[in-house]
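Visitor: What follows is the residue order along each chain.
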Amino acid sequence: MSSKKLLSEFTKGIIKENPVLILMVGLCSVLAVSTEAKNAIGMGSAMTFVLLGSNILVSFLRNSIPGKVRIPVFLIIIGSFTTIVDLVMNAYAPAVHKNLGIFIPLIVVNCIIIARAEAFAAKKPVLDSIIDALGMGFGYTLVLFIIAAIREISGNGTFFGVKLFTGFNPVLIMMLPPGAFITIGLMMALLRKIRK
Amino acid sequence: MRLFKNFFLAGDFEMVMKETIKLGKYLFIICAVAGVTLAGTNYFTTKKIVSQKLKDEDAALKEVLPVAFCFEVKNNFPKNGFDDKNNIVGYVLKATAAGYSSQIEALVGLDRDFKITGVKILSQNETPGLGAKISEKYFLSQFIGKFSEKILLKKDDKAGEIDGITSATISSRAITDAIRKNIDEFKKTVK
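Protein chains in written order, with this note's numbering: chain E, 1 to 196; chain L, 1 to 191.
One thing to keep in mind: the hints can contain errors.
Below, simulated DSBU-like cross-link-like pairs (lysine-lysine); rule was C-alpha separation at most 35 angstroms, straight line [as the list claims (entries may be wrong)]:
no., chain 1, residue 1, chain 2, residue 2
1, L, Lys154, E, Lys38
2, L, Lys25, E, Lys124
3, L, Lys48, L, Lys74
Covered stretches of chain L, as calculated for chain E (at least 3 residues, CB under 8 angstroms) [stated by the list, open to error]:
no., region
4, 20-34
5, 175-189
Derived by calculation from the structure, the hints in this document are not laboratory data. Note that the coordinates shown come from a computational prediction; the quantities given were computed from them, not determined experimentally. For glycine and all other residues, C-beta sits at the position ideal for the given N, C-alpha and C.
With these hints in hand, go ahead and build the complete structure from the sequences.
Guide: In structure tokens form, the structure reads like this:
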């Protein structure tokens, strides 16, 4: 496997096959946690970590998993991995866990992970799957961060919890669910326009 | 689907059974491995997690009643706070309120005259950016040093001294009322 191919395996997750804006998987978590830039980074990194672990395991076991029961097997792998991350983080990094704690159970239902297991890791060697997980994780985190930044700045007048303006009347709707849909829709439209 | 078709059309019971058993075996092994791994992780982390939780709880108690040296050891509230000579210096209550979109839980620290020494929100799931602001300092610090008669929203009652959060009246009112009612009820049990 040439390094050029590996690099394209990584960069495809950022624009060409961006999980959120192009593949449109994992939208639920994007809409829910994009209220603060800090949360976006937390959710993004926790998701990337679990995706990495599940991609490695699925790719490693890909030749022994019977096709008929592959989905339950993926689910068991993802569920166990998420629980282990949750428990270990809770015990050894309580400060981080306090900030991310609520997002970790959400990762289990994040369809990016099962989508990558099914579409990529189950067919490709381990190294490719690692690169794929990193690229997808990065693409997800990037989009999540941009949406969160837009929503936090316009809806609350802050960025990473720091007040940016004085005498600014925040656009409250941006903090509420409609704000998430509006932002994500505009970003999708923008990306389509650019790619054409 | 194909499993059932095979079963009904060809009637090849043995073949279907064989495959089912094979798949079942595989799933069983995967589940067993996952189960053992999870049990192991749980075993090694439980102790740490529990002690961490106790430490957090103690820190929360200290935060709402800073004068206390230690606290009554029991599972329910209210808890008495003691100084280093084992005299009661205050109490910590737990107030729960039905907010706009969630159950709000808060710790309230009181000194012996039932004046509030601190409020801390333990858990809430109110609207981010609106109701969720009840856990911010600028809102909670209004409660400190007040008696329960003044714990009312200014817009609800003339005697009130608490400023609600803009466009989050329901959350602010819920927590304010819950704190006042809890203190009033607690007073009755002590006097």
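Visitor: Hint by hint, which ones does the structure fall short of?
Guide: 5
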